[in-house]
Amino acid sequence: MSKTEQNKDRWIIDEKTGQPIPPMEQPGYYPGYSTLSQKAYWDATTRELIEKRVDHPPSIRFFSSEELPVMRAVADRLVPQDDRVEHRKIPIVNHIDERLAKEELEGYVYEDMPVDSEAYKMGLKAIEAMAQELYSSSFATLDPIRQDLILKSIHDAKPMAAQDAWKHLSVSRFWALILGDCLIAYYSHPWAWDEIGFGGPAYPRPYMRLEGGQPEPWEKPERRYEWRQPLTSISDVQEEMGGGDHPRQGGTH
Amino acid sequence: MNKPLLGKFRKPQTGEKILGPMQRISPEMQRFRDDEVVDYCIVGVGAAGGVLSQRLAKAGFKVVGLEAGPFWDTERDWVSDEKGSHELYWNDLRITGGNNPLTLGNNNSGKGVGGGSVHWAAFAPRFHPSDFRVYSEDGVGADWPISYDDLKPYYELLEREIPVAGPAYFPWGDPHGYPYGPHPMGGVGDILVKGCTKLGIRSCAGGPVAILSGSHGNRPHCIYRGFCLQGCKVGAKASTLITHVPEALQYGAEIRDRSMVFRVSMDKNNRTNGVFYYDRDGREHFQRAKAVIVSGYAIETPRLLLNSACHGHENGLANSSGTVGKYLMAQAGNVVAGRFESLVRLYKAPPAHALSEEFYETDPKRGFARGFAIQTVGPLPIAFAKQMMAAKGSWGWGMRRIMMDYNHWATLGVLGEILPWPDNRVELDHRKDQWGIPVAKVTFNLYDNDNKLIEFGKNKVEEIMWAAGAQEVSQEKRFAHLVGAARMGSDPDSSVVDKYGRTHDVSNLFVCDGSIMPTQGSANPGLTIQALAARTADYLISQGDTIFTSEKREMTPPPIRYQLSPEGTFVHGVPRLSFAR
Numbered sequence: 064m065s066k067t068e069q070n071k072d073r074w075i076i077d078e079k080t081g082q083p084i085p086p087m088e089q090p091g092y093y094p095g096y097s098t099l100s101q102k103a104y105w106d107a108t109t110r111e112l113i114e115k116r117v118d119h120p121p122s123i124r125f126f127s128s129e130e131l132p133v134m135r136a137v138a139d140r141l142v143p144q145d146d147r148v149e150h151r152k153i154p155i156v157n158h159i160d161e162r163l164a165k166e167e168l169e170g171y172v173y174e175d176m177p178v179d180s181e182a183y184k185m186g187l188k189a190i191e192a193m194a195q196e197l198y199s200s201s202f203a204t205l206d207p208i209r210q211d212l213i214l215k216s217i218h219d220a221k222p223m224a225a226q227d228a229w230k231h232l233s234v235s236r237f238w239a240l241i242l243g244d245c246l247i248a249y250y251s252h253p254w255a256w257d258e259i260g261f262g263g264p265a266y267p268r269p270y271m272r273l274e275g276g277q278p279e280p281w282e283k284p285e286r287r288y289e290w291r292q293p294l295t296s297i298s299d300v301q302e303e304m305g306g307g308d309h310p311r312q313g314g315t316h
Numbered sequence: 067m068n069k070p071l072l073g074k075f076r077k078p079q080t081g082e083k084i085l086g087p088m089q090r091i092s093p094e095m096q097r098f099r100d101d102e103v104v105d106y107c108i109v110g111v112g113a114a115g116g117v118l119s120q121r122l123a124k125a126g127f128k129v130v131g132l133e134a135g136p137f138w139d140t141e142r143d144w145v146s147d148e149k150g151s152h153e154l155y156w157n158d159l160r161i162t163g164g165n166n167p168l169t170l171g172n173n174n175s176g177k178g179v180g181g182g183s184v185h186w187a188a189f190a191p192r193f194h195p196s197d198f199r200v201y202s203e204d205g206v207g208a209d210w211p212i213s214y215d216d217l218k219p220y221y222e223l224l225e226r227e228i229p230v231a232g233p234a235y236f237p238w239g240d241p242h243g244y245p246y247g248p249h250p251m252g253g254v255g256d257i258l259v260k261g262c263t264k265l266g267i268r269s270c271a272g273g274p275v276a277i278l279s280g281s282h283g284n285r286p287h288c289i290y291r292g293f294c295l296q297g298c299k300v301g302a303k304a305s306t307l308i309t310h311v312p313e314a315l316q317y318g319a320e321i322r323d324r325s326m327v328f329r330v331s332m333d334k335n336n337r338t339n340g341v342f343y344y345d346r347d348g349r350e351h352f353q354r355a356k357a358v359i360v361s362g363y364a365i366e367t368p369r370l371l372l373n374s375a376c377h378g379h380e381n382g383l384a385n386s387s388g389t390v391g392k393y394l395m396a397q398a399g400n401v402v403a404g405r406f407e408s409l410v411r412l413y414k415a416p417p418a419h420a421l422s423e424e425f426y427e428t429d430p431k432r433g434f435a436r437g438f439a440i441q442t443v444g445p446l447p448i449a450f451a452k453q454m455m456a457a458k459g460s461w462g463w464g465m466r467r468i469m470m471d472y473n474h475w476a477t478l479g480v481l482g483e484i485l486p487w488p489d490n491r492v493e494l495d496h497r498k499d500q501w502g503i504p505v506a507k508v509t510f511n512l513y514d515n516d517n518k519l520i521e522f523g524k525n526k527v528e529e530i531m532w533a534a535g536a537q538e539v540s541q542e543k544r545f546a547h548l549v550g551a552a553r554m555g556s557d558p559d560s561s562v563v564d565k566y567g568r569t570h571d572v573s574n575l576f577v578c579d580g581s582i583m584p585t586q587g588s589a590n591p592g593l594t595i596q597a598l599a600a601r602t603a604d605y606l607i608s609q610g611d612t613i614f615t616s617e618k619r620e621m622t623p624p625p626i627r628y629q630l631s632p633e634g635t636f637v638h639g640v641p642r643l644s645f646a647r
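Protein chains in written order, with the numbering used here: chain L, 64 to 316; chain Y, 67 to 647.
What the hints contain is simulated information worked out from the structure, not anything from laboratory work.
Possibly wrong hints are sitting among the right ones.
Restricting the straight-line Cα-Cα distance to at most 30 Å, the calculated cross-link-like pairs of lysine-lysine (DSSO-like) are [stated by the list, open to error]:
#1 L:Lys152 to L:Lys215
#2 L:Lys215 to Y:Lys543
#3 L:Lys188 to Y:Lys149
Kindly generate the complete structure, drawing on both the sequences and the hints.
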């Protein structure tokens, strides 16, 4: 059995046939759409930045050798990429590591939270302690479904174990921090833009079809497929987070 | 590879700043020596500081603007990218707390020349006449020491100067029209108008927004790419960086960037004589000045005043009333997201392009004071994903699934008036920033009237979303904008500055930015901040040297100086619909 076949239980499932769908070059409903194919029409500064993001993901400097496998496993569940072929997976952890290594802040720290780098260290430790307490195993080597169960309890702000480790860290704020950072890393990548049909950079070449959701000449029409989450996952639900207010938003108005 | 559009990137000449594709400035900048006594030292070159430095320099004063962030070159420094625009925001350490802690950073805080006007969505509605007398009319909040009519001429001036595009007839508040035509509609605006129309709610399309619908001077019109909050590389969206700062330089002002002011200095006669700051290399300097204007916005302004405590001002400079840092306001900014069967592509067109102010005023039937506006918003993928995290609790495969439908969603924002409360405040924390300066600690709580207003506003916008044909609706709690924390008033015991922005305690120290607002209405504050700055500038100019030499406080309104508008921007033409009032 090939390595890919072994992971078959992690594949998403075709809603119509009930069969697992093998990983794709480009998941999402816009097959053949490529924002990077348009980079000649982007301004030079933007083009250099995006090319660097794709071609030269930053190397790991912040996470320790104990933290790194836990962080990778957590990111794999928070934004799963099992429907992507290996060479088209977006290196989420590297981009988070870069921010933490540079001690980049986002302009605020909650009064009941340590600075972000410290919060990561405490949170990853707590997640690992949960895995050890519940399953006597490292979080990184647990079945995906057990990883999901642990993470779901953090999402609900009711960690199912290692209460002591969570005593000094707000569970819901940590959830919003780590998930928010994973979302920044994933949805800032052109492959994710192709997946969701986002237009990408648009200067100096502009958009010209504003109304009715019409595609630009270089965009592709939507072609949907029906899928459900893999048998080994429980994250394809929409349930409110626990813990009251949980902002961390960018600007809107 | 296809040929790059517009050819190869042109290497700029040394010292040249590119401000959009048509505007290049070679700021042969005046450089004042530290020991040279300038007339006005302006701390913070944002929405207010940009307008002040342009007007005061044009009137012949020696002006230095000290800005903590960089002097941008929009072509080389900015990107058409959500994550890559991180540097536009005030990212330094601040502590946020209270029962409803505010998200700071990219939500509401700018850094660099232009300040927040660089990353605002540029909705530019005026305040309503009722906003200036909230206490008299509703018994809550506060009255302003000025009326709408005092500010109206400056609204009209700024609507020409920046300029504002919008409908020829804007029906709310003091009805008026706009000098530049409305923008074409994007998918989200269509949904706002459709939903409002179904429910019999008046709406307006294509503005008012400080984005060019036709080219203006050396700025091209909008290209509808939707990256307004990431800084407008096109130069179509107004920021003081491109609307006022170039002329400030032309008239001899110096904008000294990457200069972090940490203390306002006082002499023995209870007058300020300049400011202490760190330059880009961390070296300490003292800039002498005959008068100081603090324009650091609602967090940095009170922080600087509190950090400037000295003999005679033990609780912070200009704080004899104890109100510095208090009455901080943010607006309710709940975002309602609706999923539609057909494609919307919410990222196209400026996020700000349609609104309704039908619920702006107090309606006793609703059971709370004041009201809210309804506006289009256009979150790019990261912002939208984070909204879904908060609104629906999405993560994992659930998040991937929602985001694959990004193009099916539309988002509308509530913009609700939260009242000024003394406990919503900025204080100093024991923690320090990279300069060793104590950082701001921001505390924010919602009260009964605020909660009722938010609940009503959120429900109303959800109703509009359903009426527009959404199949699924969900909402996210959030806040937008910041004002207050150094409020103006006639009574020195309950306010920090007088109606011209002069501190009650120190006669040559002024505050001019969003922090002086006593209440905030349901209008985006950007235009009002700039109008207040133009008014303060007129006052200072009319006072001449009196400000520098005397303790006298002239309180008669200054004449309006129309000739101070940036060249080529003043003409008659903001439609006055006086019959409607």
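Hints, verified against the model:
For the proposed pair lysine 152 of chain L and lysine 215 of chain L, the alpha carbon gap of about 23 Å is at most 30 Å, so the pair holds. For the hint linking lysine 215 of chain L to lysine 543 of chain Y, the alpha-carbon distance of about 22 Å falls within 30 Å, and the restraint holds. The straight-line distance between the Cα atoms of lysine 188 of chain L and lysine 149 of chain Y is roughly 28 Å, inside the 30 Å bound, and the hint therefore holds.
Of the numbered hints given earlier, the model fails none.
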